Every structure is written in C-alpha cells, then in structure tokens.
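For the sequence shown, this note's numbering begins at 14 and goes up steadily by one.
A hint or two may mislead.
Claimed, not checked - DSSO-like, lysine-lysine: derived pairs with alpha carbons at most 30 Å apart: (1) K152 with K133; (2) K221 with K249; (3) K249 with K53; (4) K88 with K133; (5) K152 with K198; (6) K88 with K221; (7) K98 with K152; (8) K249 with K152; (9) K133 with K98; (10) K88 with K98; (11) K133 with K198; (12) K88 with K152; (13) K53 with K133; (14) K98 with K53; (15) K152 with K20; (16) K88 with K20; (17) K53 with K88; (18) K249 with K20; (19) K221 with K198.
Hints were generated in silico from the structure; no laboratory data involved. Small disclaimer: the values here were computed from a predicted structure and weren't measured.
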Amino acid sequence: MNRRTWKPEPGYDPLETAAEISNVVCRGTSRKYYRFRRTKFYGGCATADAVGCNLDCFYCYVNYPRRHPWDPRWKFYDPEHVARKLAEMSRGLRTARLSGCEPTLCPGHLIGVVETFERKAGDVTFVLETNGTLIGAGKVPLNELADVGNVHVRLCLKGCDERSFHEVTGADPAGFELQIRAIEKLMSSGVPFHVALPDVFTREEIEKLMELLVDLGLDPTRLEVEPITVYDHVLKEAQRRGVEWRLPNSASSSAGTTRPGTR
Numbered sequence: 014m015n016r017r018t019w020k021p022e023p024g025y026d027p028l029e030t031a032a033e034i035s036n037v038v039c040r041g042t043s044r045k046y047y048r049f050r051r052t053k054f055y056g057g058c059a060t061a062d063a064v065g066c067n068l069d070c071f072y073c074y075v076n077y078p079r080r081h082p083w084d085p086r087w088k089f090y091d092p093e094h095v096a097r098k099l100a101e102m103s104r105g106l107r108t109a110r111l112s113g114c115e116p117t118l119c120p121g122h123l124i125g126v127v128e129t130f131e132r133k134a135g136d137v138t139f140v141l142e143t144n145g146t147l148i149g150a151g152k153v154p155l156n157e158l159a160d161v162g163n164v165h166v167r168l169c170l171k172g173c174d175e176r177s178f179h180e181v182t183g184a185d186p187a188g189f190e191l192q193i194r195a196i197e198k199l200m201s202s203g204v205p206f207h208v209a210l211p212d213v214f215t216r217e218e219i220e221k222l223m224e225l226l227v228d229l230g231l232d233p234t235r236l237e238v239e240p241i242t243v244y245d246h247v248l249k250e251a252q253r254r255g256v257e258w259r260l261p262n263s264a265s266s267s268a269g270t271t272r273p274g275t276r
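Using the sequences plus the hints, can you model the full thing?
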C-alpha cells in the first residue's frame, strides 16, 4: 500500500493542486472511486464517493481517501458504470450525487456521468457538489452542463472573504476570488444552482458575505448553512492549524476554546 500522504504546503495554489491530483485520480474519461452507497442527505440520496480534492479544508469529513489518492485500493470507473450504479441506487429516491471529492477535477468524466445518468434516471435530480474553483477558472464546460435537464449545482463556499478562505483551506487567499467568479459564471450559464456555507464562520463574517451576494444579484436568504460533524480527525486538524475556535460551540468548548462572534 502506498503510504504517501497528500498535505499541500500552506498558501498553495488551488489550480496547481487540481492539476496534481487530477493526474492521479483521472484517466481518460474514468475516475477513481472508493464506495457507492445510499445516504440520508437530501431526504435520501444515491451517492458515489470519488477520490481527490484540490482544497484542504480543515473540517472535511473525508480523511484517508482524500489524504491517500494513490492508494491502489481505489479503482477507476467509467461514466457508464457510475451512472448505472447511481441509477440503480436511486430507485425510490429523488436525488443522486458525487461526494467525497471535488467532482470537477475530471470534467470529461463528470459530463459523461451526468449525461448518461439523465438518460437512465431523468426524473432524479443530480446534485453537483463543488467548491467552484475550477468553474471560476473556466475549466468546466458549463454549456454542456446546462444541456442536462436534471443537474443542480450546490456551490459550497470555503470562506466569506480572502482571510477566512485561507484559514479554512490553507490555500492562497486569492483563491477566494475563484469561488466568486464561479457564482458569476453559473449565473450567466443558466445552470440551476445555490450557494452553501459550512458552519465554521462568525455572524460578522456571514453578514459580510451576504452583502457580497446581494451585490452579485443573489438572494442571501437562500444561503444554505451546512452543519459540521466534528470527527476526531477534524478536531485534531483544527487544533494543528490553530483554528479550533471555528468549530461548532460544543466541540470548541470541549477543546477549551471560545469562538469569537455570536452566531
């Protein structure tokens, strides 16, 4: 087993890490996955957990597969296989998704999956959960996504501004601008989407973000706040980076820290 661990240096470029990880988890139109399952999210969801992300968020629930994309246990699957598995698992459900990863790292694979899934289960919504950095960089064919009738993009912002983006991801603060550009590109593309935000920010930071969303022409009341589960590895990573105060109050209190700002 390959014991190499992926941990980018602080201040890393999200586009450089995307290229690095893509070389490991993408092969032609195939991509590495580590499991297929039904989950409780969205009221019941068929989920394909893929390998590989270009951001290193301290709160990420995925631990070993994200840190070890080289592990030979992860297998490559083509779009037909993934779409068929999702269609089978989604019987009786209303939603399917790719999770555990950044799905836009392998755009050819992604488009193949959503197009094939629409043919097999067009009445089921396919939720594309993404950090948006590659969309913002213009590396995702939104025109092809717009042609798929059952796709909905869930754009999860990793910061409310450049500073908080860096604290959450460890990346170059300028990467926050890629997420803002993603919002603008999605708005002009016609692809249905909404914006989500992990519950690791203060009220003041969220208010600042909501002002920005208004300026972009979005309804800030539709902002989804994503609950965070503080697994042991999440708490340890937050403490290592000195950002444990960003964890939900129950976890940060047990760690002996105080979260600034009211929620």
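Enumerate the violated hints, using their earlier numbering and listing them in ascending order.
When the structure is compared with the hints, numbers 6 and 8 turn out to be violated.
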